[in-house]
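**Student:** Here are the chains, one letter per residue:
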Amino acid sequence: MSEAQSTEKKPVTYINTPVAVKYDYTAGKATSDFMRAVAQGKILGNRCPQCNRVYVPNFLVCVQCAVPMGEPFEVPDSGIVLTFCIVNIKFYDQVLEVPYVSAYVLLDGTDLPLMHLVQECNVNDVRMGMRVKAVWKEELSPSLESIRYFKPTGEPDAALETFKEYL
Amino acid sequence: MGRRCAVIGIGQTKYMDRNLAVSHRGLIRDAANKALADAKMTWQDIDCIVIGKAPDTIEGVMMPELYLADALGAQGKPLFRVHTAGSVGGSTAIVGTKMVASGVHDRVLVIGWQKQSESQATWALSPRIPFQPPLTAGAGGFFAPHVRAYIRQSNAPDHIGIKVAYKDRKHALKNPYAHLHQPDLTLEAIKNSPMLWDPIRFGETCPSSDGACAMVIVSEKYADRSASPPAWIHGTAWRSEPTIMAGRDQVNPLGGRECAKDVYRQAGVTNPRKDFDCAEIYVPFSWFEPMWLENLGFAERGEGWKLTDKGATSLDEGGDIPWNCSGGVLSSNPIGASGTIRFAEAAMQVRGTAGEHQVEGAKLALGHAYGGGSQFFAMWVVGSKKP
Numbered sequence: 045m046s047e048a049q050s051t052e053k054k055p056v057t058y059i060n061t062p063v064a065v066k067y068d069y070t071a072g073k074a075t076s077d078f079m080r081a082v083a084q085g086k087i088l089g090n091r092c093p094q095c096n097r098v099y100v101p102n103f104l105v106c107v108q109c110a111v112p113m114g115e116p117f118e119v120p121d122s123g124i125v126l127t128f129c130i131v132n133i134k135f136y137d138q139v140l141e142v143p144y145v146s147a148y149v150l151l152d153g154t155d156l157p158l159m160h161l162v163q164e165c166n167v168n169d170v171r172m173g174m175r176v177k178a179v180w181k182e183e184l185s186p187s188l189e190s191i192r193y194f195k196p197t198g199e200p201d202a203a204l205e206t207f208k209e210y211l
Numbered sequence: 018m019g020r021r022c023a024v025i026g027i028g029q030t031k032y033m034d035r036n037l038a039v040s041h042r043g044l045i046r047d048a049a050n051k052a053l054a055d056a057k058m059t060w061q062d063i064d065c066i067v068i069g070k071a072p073d074t075i076e077g078v079m080m081p082e083l084y085l086a087d088a089l090g091a092q093g094k095p096l097f098r099v100h101t102a103g104s105v106g107g108s109t110a111i112v113g114t115k116m117v118a119s120g121v122h123d124r125v126l127v128i129g130w131q132k133q134s135e136s137q138a139t140w141a142l143s144p145r146i147p148f149q150p151p152l153t154a155g156a157g158g159f160f161a162p163h164v165r166a167y168i169r170q171s172n173a174p175d176h177i178g179i180k181v182a183y184k185d186r187k188h189a190l191k192n193p194y195a196h197l198h199q200p201d202l203t204l205e206a207i208k209n210s211p212m213l214w215d216p217i218r219f220g221e222t223c224p225s226s227d228g229a230c231a232m233v234i235v236s237e238k239y240a241d242r243s244a245s246p247p248a249w250i251h252g253t254a255w256r257s258e259p260t261i262m263a264g265r266d267q268v269n270p271l272g273g274r275e276c277a278k279d280v281y282r283q284a285g286v287t288n289p290r291k292d293f294d295c296a297e298i299y300v301p302f303s304w305f306e307p308m309w310l311e312n313l314g315f316a317e318r319g320e321g322w323k324l325t326d327k328g329a330t331s332l333d334e335g336g337d338i339p340w341n342c343s344g345g346v347l348s349s350n351p352i353g354a355s356g357t358i359r360f361a362e363a364a365m366q367v368r369g370t371a372g373e374h375q376v377e378g379a380k381l382a383l384g385h386a387y388g389g390g391s392q393f394f395a396m397w398v399v400g401s402k403k404p
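Protein chains in written order, with this note's numbering: chain A, 45 to 211; chain B, 18 to 404.
Next comes chain B alone, as it looks inside the complex (with noise of 0.2 Å):
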């Protein structure tokens, strides 16, 4: 994939509901001031600057990066920003990373950014399609219908959407950023809360965040001197699939699968559940555990369920391969951000600095986004060794 290149800082706001004590600007400049504190670099120190969020229309700001190269030091700088749905800030991420493999730069600030707070992210999923019926109803909306042939596909227990959820709200008790910190959710509460979406209930559903992560990503040169740990990058990979197509599989994306092969084959990987010490998988509705453990390839197809509910992901229970340690997307869901702090959670998990959800001794992790109707996906794969 080129130079090597390894992420030296991270630096993530607390996610909320509503973060009115700043700005965009304010937002994003947190999280930036918090990696580079953590790389030991100043503005002053970096080549290029990376950002993404999701649709516009999800917060009601139109192309906020026309006004964030002052906030962001980006002048006499290149400025980029990468769109591609939710999984924007994985694909922000590898834009970045490839900045450093190709050589056009050593020190590169990517960023991933929502403020969902300053408008409706259901209503913005809802558009009137013309010459259509009114009938989509948000991100949940999309999606619960495939969920449905997933849990009829593969038989799988209803009690299954309500323990991932369960599951990942658990570990984000252990995380200080996390949005939702709920220590006396119970299982009875997710079952017993609404469904939304049926087969998707409100307990199962992602939150609205407002929330930034940001991640200083540099050449082997920077990497090799840092008095930071580096997370070396072993792989990067994106796929994108039509959403509208006769034989398209959505609920085991074809996208999704040979992305995964991609990034694996780069990384020397041939058994996921095995030389994953752990993964940070994108999971907005608590049913995509499942389906992106058989999509990615750490369960046959119709079998992902049963490594669920054997407490295979779970950190709590000890399983061998726990997913979203950091409370994943079902605990904060800034959009824009949350492909970011994906690939951000694998690379702390490998330099040894989650903290309270650290998977001890984490050698080699996943970081995973999925965005649009499963259409565009985003892979890397982290090390705490040179690739």
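Chain A extracted, bound-state conformation (with noise of 0.2 Å):
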């Protein structure tokens, strides 16, 4: 744009013309499900039948056996930090300030992990094995957005041992 505006008369060679997309979003059921069950502040997982693990949220289908998952269950949200970055970017549009932690949190007994915030720390203070809770907002919505973040609980770090088959 800054060339296009110059005072100077040059020819335009570059010019910025922002798109925005509006767009429906078909949830489905499983997503569905795993929403409304958000909006009352509970997360839901479901175990795979074949391979018996926990996918958070719950699927419909095992993704590595391809046969249908079990019944939706309330699983805890609480459990540990995998792994994560600190973002310390910015760029157009961002909604988030930065620095902040963007973390895979594992929650207990369960097998895949949620992508969320970690906050109430120094970003320098979050570990790899930290045990996180989630603090939620006092409105809830069918969205993961109803938890603010997952924050430090103080107990003892999980040894990396206990969790790096999941990384």
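Calculated directly from the structure, the hints in this document are not laboratory data.
Don't take each hint at face value.
[To be verified] Using C-beta positions, here's what the derived DEER-type ranges look like: (1) A/70 - B/282: 38 to 44 Å; (2) B/219 - A/192: 25 to 31 Å; (3) B/378 - A/143: 44 to 50 Å; (4) B/275 - A/104: 25 to 31 Å; (5) A/63 - B/61: 54 to 60 Å; (6) B/275 - A/95: 16 to 22 Å; (7) B/404 - A/86: 56 to 62 Å; (8) A/117 - B/20: 25 to 31 Å; (9) B/264 - A/80: 24 to 30 Å; (10) A/54 - B/219: 30 to 36 Å.
[What the hints assert, rightly or not] With a Cα cut of at most 30 Å, we get these calculated BS3-like pairs of lysine-lysine: (11) B/208 - B/327; (12) B/278 - A/53; (13) B/402 - A/208; (14) A/208 - B/278; (15) B/291 - B/402; (16) A/134 - B/31.
This one's a predicted model, so the numbers in the text were calculated from it and none came from an experiment.
Ideal placement from N, C-alpha and C gives every residue a C-beta, glycine not left out.
Got two chains here, each in a separate frame; can you build the complex from them with the hints?
**Tutor:** Set out below in structure tokens:
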């Protein structure tokens, strides 16, 4: 834009033309069940009858075994930070203020991590294996944004050996 | 893999931050013209054209294949677009190869390109996913946690990531087409560059580039009578895997391991470190060099960083298995072309046409690309001799 707007008359070689798209999203049955539960402050998972792994959110079909998953059940809202990064980069249309910690959180008794924020501690104090618990918003909605972030519980970290198969 | 086939022409544009001199049409035509000139062929000689670039939001230009038939001389000829995210440049070359190997066509032009300057890739790769917190922050934000996991699992020292970036950018000084030419770059400067996605520094990250890379792939009959040296294709393989799957290994993905196993079997490679003279591997963030050294079987699990540390992958240090002599993705990254460039640079090495970054006497080379959330893999093995 700067070239086009400059007072000197130069040929236009480059213009910015932002685009926006609005769309309807069909969540499907599994995600709809999950989000309705989140709106009640519950996190749902379900187990594959073949490989025994617990998916969070609940899935209709096991990604590995391609068999129907079991009935959804509530899982704990506490777990460990599997791994994470500290986001310092700024980019167009960014919502969160940097720096923030984007983490894979493995809830207790489950086998697929959720991606979420870790807050209430210095970003440099977040560690792989750190115990965390969800902090919920007062007003819940059918979105994982109903969880404001995960915060450290202060319990001892899990040893790498106990979670390395999930990395 | 069907009929024998070979690369007999390669064309690249100078990779740069913002190529304002040409449109998409001009960019791809520039690369294609150079490839045809290298093959000593004309547009009339081409039977089929296969193109690839990464998702359209990355440059904000939707479905350019709809208006590229004219620029590509494709009137009355088949024109296909391939779409496998960042690995697309490799997948495109494989589709072109299969067109020839299967006997459908004899002379195929493949082109990968991207004009990243026309949009904002980090924005495009940071979509607001419905019902999710807005965490995603570009490709680096996706890969950085897995890099952290690799570092923790392998106990690799911090300087490995810095060394890969330094090594590849020194290689780039020998490649006139490379985007980044930083003769004064130091290890210190990379170390002191900002942590964009801790543990990934700015200096350990690929640039955003404009550029195109084209290849002419022909059947044995045409390769035999070619005045240009052929790079014979000894094997091609591709694999995909789900992004979200419980138990998925994102540090050492199964798809990559199986893809490598498949292409090595076709090419008769039993010991990649010994059998290959060099490799062009998709390393957009420096830590992916040691990760892929392990994934592709050049080193045991947890040991890849030791090869990097010893200089085994460095042309300048006289390493036994130089990786990314062209400067790699860390020095030039027009995303849709980046895989094509890896495949083309591997072919250049075995043709003996790599110029200053030539590995002396290179006979067998590996080209590699991956894309999405480490979920698409494409590889080929090229050699100076017929398979």
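**Student:** For every hint, state whether the structure bears it out.
**Tutor:** Verification of the supplied hints:
| no. | hint | verdict |
| --- | --- | --- |
| 1 | A/70 - B/282: 38 to 44 Å | 42 Å, holds |
| 2 | B/219 - A/192: 25 to 31 Å | 30 Å, holds |
| 3 | B/378 - A/143: 44 to 50 Å | 49 Å, holds |
| 4 | B/275 - A/104: 25 to 31 Å | 26 Å, holds |
| 5 | A/63 - B/61: 54 to 60 Å | 38 Å, violated |
| 6 | B/275 - A/95: 16 to 22 Å | 19 Å, holds |
| 7 | B/404 - A/86: 56 to 62 Å | 58 Å, holds |
| 8 | A/117 - B/20: 25 to 31 Å | 56 Å, violated |
| 9 | B/264 - A/80: 24 to 30 Å | 27 Å, holds |
| 10 | A/54 - B/219: 30 to 36 Å | 31 Å, holds |
| 11 | B/208 - B/327 | 19 Å, holds |
| 12 | B/278 - A/53 | 59 Å, violated |
| 13 | B/402 - A/208 | 43 Å, violated |
| 14 | A/208 - B/278 | 24 Å, holds |
| 15 | B/291 - B/402 | 17 Å, holds |
| 16 | A/134 - B/31 | 28 Å, holds |
In this structure, the hints that do not hold are numbers 5, 8, 12 and 13, in rising order.
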